[in-house]
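Chemist: Residue numbers (my numbering), protein chains in the order written: chain A, 1 to 663; chain B, 1 to 164.
Think of the hints as simulated: they come from the structure by calculation, not from any bench.
Here a beta-carbon is modelled for each residue, glycine too, at the ideal position from N, C-alpha and C.
Fair warning: there could be bad hints in the mix.
Partial selection, computed: residues in chain B whose CB lies under 10 Å from chain A [claimed, not checked]: (1) E79; (2) T82; (3) V129; (4) V136; (5) M137.
Pairwise CB distance ranges (calculated) [stated by the list, open to error]: (6) B:G98 x A:P627: 34 to 44 Å; (7) B:Q120 x A:A649: 32 to 42 Å; (8) A:R533 x B:A75: 33 to 43 Å; (9) A:K617 x B:H141: 55 to 65 Å; (10) A:A284 x B:A75: 51 to 61 Å; (11) A:S312 x B:V60: 48 to 58 Å; (12) A:Y475 x B:A95: 40 to 50 Å; (13) A:K243 x B:P56: 45 to 55 Å; (14) B:L49 x A:D590: 27 to 37 Å; (15) B:G134 x A:R533: 32 to 42 Å; (16) A:G432 x B:P56: 25 to 35 Å; (17) B:P56 x A:K57: 48 to 58 Å.
Derived EDC-like pairs (lysine to aspartate or glutamate); straight-line CA-CA distance at most 16 Å [said to hold, decoys possible]: (18) A:K469 x A:D494; (19) A:K105 x A:D300; (20) A:K105 x A:E605; (21) A:K214 x A:D246; (22) A:K542 x B:E79; (23) A:K462 x A:E60; (24) A:K542 x B:E74; (25) A:K662 x B:E88; (26) A:K207 x A:D196; (27) A:K539 x B:E88; (28) A:K389 x A:D379; (29) B:K71 x B:D145.
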Amino acid sequence: MKPIIFSRPMTQVIPMLAGIIAMAGLLLASCQARRSSEAGAINAQEAAQRVYVAPGKYDEFYAFMSGGYSGQVSVYGLPSGRLFKIIPVFSQNPENGYGYSEETKPLLMTSYGFIPWDDAHHPELSQTNGVPDGRWLFINANNTPRVARIDLKTFETVETIEIPNSAGNHSSPFVTENTEYVVAGTRFSVPTPQQDVPIDSYKKNFKGVLSFIKVEPSGDMDLAFQVIMPGFDYDLAHAGKGKSKDWVFFTCYNSEEAHTLLEVNASQKDKDFVAAINWKKAEAYIQQGKYHQMPGTYYDNRFDTSTQTARSFVHKGVKVLIPAECPGLVYLIPAPKSPHGVDVDPSGNYIVANGKLNADLSVFSFDKMQQAIQQKQFDGEVNGIPVLKFDATLAGIVKSGGLGPLHTEFDDKGNAYTTFFISSEVVKWKLGTWQVEDRQPTFYSPGHLMIPGGDSRKPWGKYLVALNKITKDRYLPTGPELCQSAQLFDISGDKMKLLLDFPTVGEPHYAQAIPASILMPQSDKIYSLANNRNPYVTKTEKEARVVRNGRRIDVYMTEIRSHFVPDNIEGIHLGDTVYFHLTNLEQDWDAAHGFAVEGNRDNAELLLMPGQTKTLKWVPQRVGVFPFYCTDFCSALHQEMQGYIRVSAPAEQVALSWSTGKE
Amino acid sequence: MKKRLNTLLFLIAAFWFVGCHSSSTSEQQAAASTETPSASASTSTANPLDDKGIGPVQSVQLGPIQSELAKKGEAIFNEKCTACHRIESRYIGPALKGVTKRLAPEWIMNMILNPDVMIQQDPIAKQLVNESNGAVMANLHLSEDDARALLEYLRSIDDSSSSR
């Protein structure tokens with residue numbers, strides 16, 4: 001056997017050992033391949049070739065995975081499954097100081113105050129004409145309801161907006177066809193507006209609010225209006241596309257309006273609903289003034305890319321629409337049973353309700369729904385909202401044979417793919433015939449699945465990623481806490497083929513992917529120092545200085561390979577608060593510098609990209625001389641990149657001074 | 001039999017080692033032939049003024065000092081270069097007084113515009129990094145016009161100092 005697997009041994013003994021190990025490895029691999037092929041996979045060698053991205057080569061797709069309870073987004077390459085970056089969104093991030101630097105803290109501000117950690121669920125790419133366009137990525141905070149916008153030129157969070165009158169912002173942040181709106185529906189109905197009432201007055205006092213956030217061409221978000229719905233749980237959503245582009249569909253469970261032991265009490269009825277909202281009609285009603293003003297304080301935090309600083313704007317009050325007063329605004333479509341995901345096919349005609357307590361999938365037709373509305377084929381109403389007749393809107397039923405359907409995505413060949421949580425599988429079926437074409441096991445218990453562009457008008461139907469909740473026995477054990485995982489399937493042929501397992505950061509609720517060819521050319525390499533309008537920027541070493549203003553000290557400090565200016569500071573006293581305003585003077589891609597100062601109990605460190613200014617607050621705790629240093633290995637002289645700050649007792653007469661070098 | 005097996009294994013291993021070794025050499029050659037631009041870097045024995053460096057600047061036409069351009073260069077120098085350079089004395093990098101007498105104008109501009117490649121491949125630049133204890137020249141992504149202005153500023157210093 002030719003030992004071609006191992007490269008360039010340094011001695012003549014190692015090759016023989018390596019050869020033996022290689023053979024053992026191949027034997028092992030072939031054993032695993034046999035095991036996998038029983039599970040519907042291709043052989044391991046072929047799978048490895050399909051996902052192998054050679055050193056120095058690029059992946060074909062960017063995948064954005066929700067971090068779930070980490071509150072972040074992680075960026076992976078497909079097909080390799082390599083992790084590139086974690087984008088901090090709703091949680092402080094020790095890797096780059098997000099939520100610790102003074103410039104980024106406002107992004108975590110809410111009407112409740114500063115919230116350092118939330119639960120992020122569904123990434124959603126902005127779209128133009130129903131196709132992911134690579135401008136922004138949105139993601140929802142589930143716990144304290146918010147929606148964030150990430151700029152895909154810098155891969156940084158640039159806005160977070162709070163949703164008032166909402167709770168458990170789960171059916172969010174899905175976009176309309178041209179990103180006119182991002183939606184945010186409450187999972188938990190609550191007293192609206194909030195008030196002190198008995199919990200068992202649920203049916204009387206609790207409402208479900210569906211919010212529509214307007215996205216300006218600049219990307220800035222504004223809460224446009226809310227629709228006050230019955231007190232159900234609004235679980236997921238998707239906007240229509242093409243012919244159905246004026247509509248957004250939300251799944252509802254707990255139409256029983258239970259407020260305790262929902263596990264049993266919200267599973268009583270045979271059918272719940274898909275709520276269909278016509279947002280064009282809503283806009284018209286708002287223009288006609290048919291709205292009510294409801295109280296509700298909320299924060300909109302915007303990161304200004306020129307000042308590199310986030311600011312919080314506090315708003316009060318929101319426009320609300322009441323469906324009973326707005327004919328044609330909302331219809332309810334009965335859907336079996338406790339539906340979870342609601343997914344619209346690329347044509348915009350088929351709306352799939354994934355009834356998680358039902359083995360079958362109900363697929364509704366937008367054309368039939370419009371016809372049913374015209375012919376008033378109603379089956380009663382809820383709070384003045386017409387309920388359409390189930391049979392009048394149904395296009396077909398997929399008799400899947402699986403258990404616990406949760407989510408469906410689509411390829412570009414007229415196929416749909418649905419995860420089944422309880423039976424741990426992905427089922428491929430055909431739109432129109434409703435016939436199951438293939439099914440493959442997943443390991444284990446998939447929630448969402450993702451096909452690049454798979455919820456848009458233009459899926460790139462080459463890969464499918466199943467996002468699994470359980471991984472026991474799939475990886476080396478790491479104590480009681482195990483990773484969760486993604487599994488990559490090749491869906492280019494008739495049968496799905498399992499290619500790769502890879503672990504994810506936090507819980508991968510949902511993901512989106514886009515061809516690298518769209519994002520790569522627009523990716524920023526540096527922040528322009530010339531355009532840096534941070535009020536605390538120091539653009540040249542000559543401008544570096546230390547300024548005392550009462551007990552506040554502002555240190556205007558620069559970093560360039562491999563020194564700080566200033567690197568010796570004296571005249572600081574206990575009781576002072578020091579703000580280190582660091583500017584990285586580099587203008588070269590990947591020339592980052594860090595900053596850390598000893599004993600900073602509140603705010604950790606900074607990491608600065610080229611041309612960036614960030615501020616670290618430091619309250620000295622002790623008298624002495626404390627080092628600070630660069631935390632990012634920046635050059636051969638990185639270890640020399642250090643300095644000292646002297647802290648004196650309040651009574652000591654030490655003049656404020658600063659310097660670098662002898663000059 | 002055992003000896004023959006050992007010999008065989010040795011031969012296979014040796015062949016493998018040689019094969020890998022030769023392939024790495026050819027990779028290096030390929031890299032060198034594709035990456036080196038037309039301006040030559042081989043100046044080890046020649047006059048340093050003949051080394052035009054490696055980068056976008058192939059030739060510079062010099063005339064009398066253009067004082068406006070030199071002024072612009074001075075402003076850029078004070079803003080961008082003083083983090084590491086002084087005119088009169090060594091700082092992080094070498095003192096710049098006399099540099100236009102020591103080195104070719106093309107070399108100076110290429111060092112400003114293409115420092116990453118220069119410090120890897122140009123013999124003079126490599127030597128300078130050594131003398132600066134490994135401190136590398138940062139690429140500040142200046143324009144060719146900016147680099148030309150900086151050159152004029154450095155020329156104006158050397159011109160005035162030599163005429164003194």
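Chemist: With reference to the structure, classify each hint as holding or not holding.
Modeler: Against the structure, the hints come out as follows:
1. E79: holds (5 Å)
2. T82: This hint holds: B:T82 lies near chain A, its Cβ roughly 6 Å from the closest one there, short of 10 Å.
3. V129: The hint holds - B:V129 has a Cβ within 10 Å of chain A, the shortest such distance being about 9 Å.
4. V136: holds (6 Å)
5. M137: Constraint on B:M137 satisfied, holds at 9 Å.
6. B:G98 x A:P627: 34 to 44 Å: At roughly 38 Å between Cβ atoms, A:P627 and B:G98 fall inside 34 to 44 Å, so the hint holds.
7. B:Q120 x A:A649: 32 to 42 Å: Cβ of B:Q120 to Cβ of A:A649: about 51 Å, so the range 32 to 42 Å is violated.
8. A:R533 x B:A75: 33 to 43 Å: With a Cβ separation near 20 Å, A:R533 and B:A75 fall outside 33 to 43 Å, so the hint is violated.
9. A:K617 x B:H141: 55 to 65 Å: violated (32 Å)
10. A:A284 x B:A75: 51 to 61 Å: holds (58 Å)
11. A:S312 x B:V60: 48 to 58 Å: holds (53 Å)
12. A:Y475 x B:A95: 40 to 50 Å: For A:Y475 and B:A95 the Cβ distance comes to about 58 Å; the hint is violated.
13. A:K243 x B:P56: 45 to 55 Å: holds (54 Å)
14. B:L49 x A:D590: 27 to 37 Å: Hint holds: Cβ distance 34 Å, inside 27 to 37 Å.
15. B:G134 x A:R533: 32 to 42 Å: holds (35 Å)
16. A:G432 x B:P56: 25 to 35 Å: violated (59 Å)
17. B:P56 x A:K57: 48 to 58 Å: Violated: the Cβ-Cβ distance is about 28 Å, outside 48 to 58 Å.
18. A:K469 x A:D494: violated (26 Å)
19. A:K105 x A:D300: Holds, at roughly 13 Å.
20. A:K105 x A:E605: Holds, at about 13 Å.
21. A:K214 x A:D246: Judged against 16 Å, a Cα distance of about 14 Å means the pair holds.
22. A:K542 x B:E79: holds (8 Å)
23. A:K462 x A:E60: holds (10 Å)
24. A:K542 x B:E74: holds (14 Å)
25. A:K662 x B:E88: Answer holds: A:K662 to B:E88 is near 14 Å, not above 16 Å.
26. A:K207 x A:D196: With Cα atoms ~14 Å apart, A:K207 and A:D196 stay inside 16 Å; holds.
27. A:K539 x B:E88: violated (23 Å)
28. A:K389 x A:D379: Distance of about 5 Å is within 16 Å: holds.
29. B:K71 x B:D145: holds (13 Å)
Against the hints set out earlier in the document, violations occur for numbers 7, 8, 9, 12, 16, 17, 18, 27.
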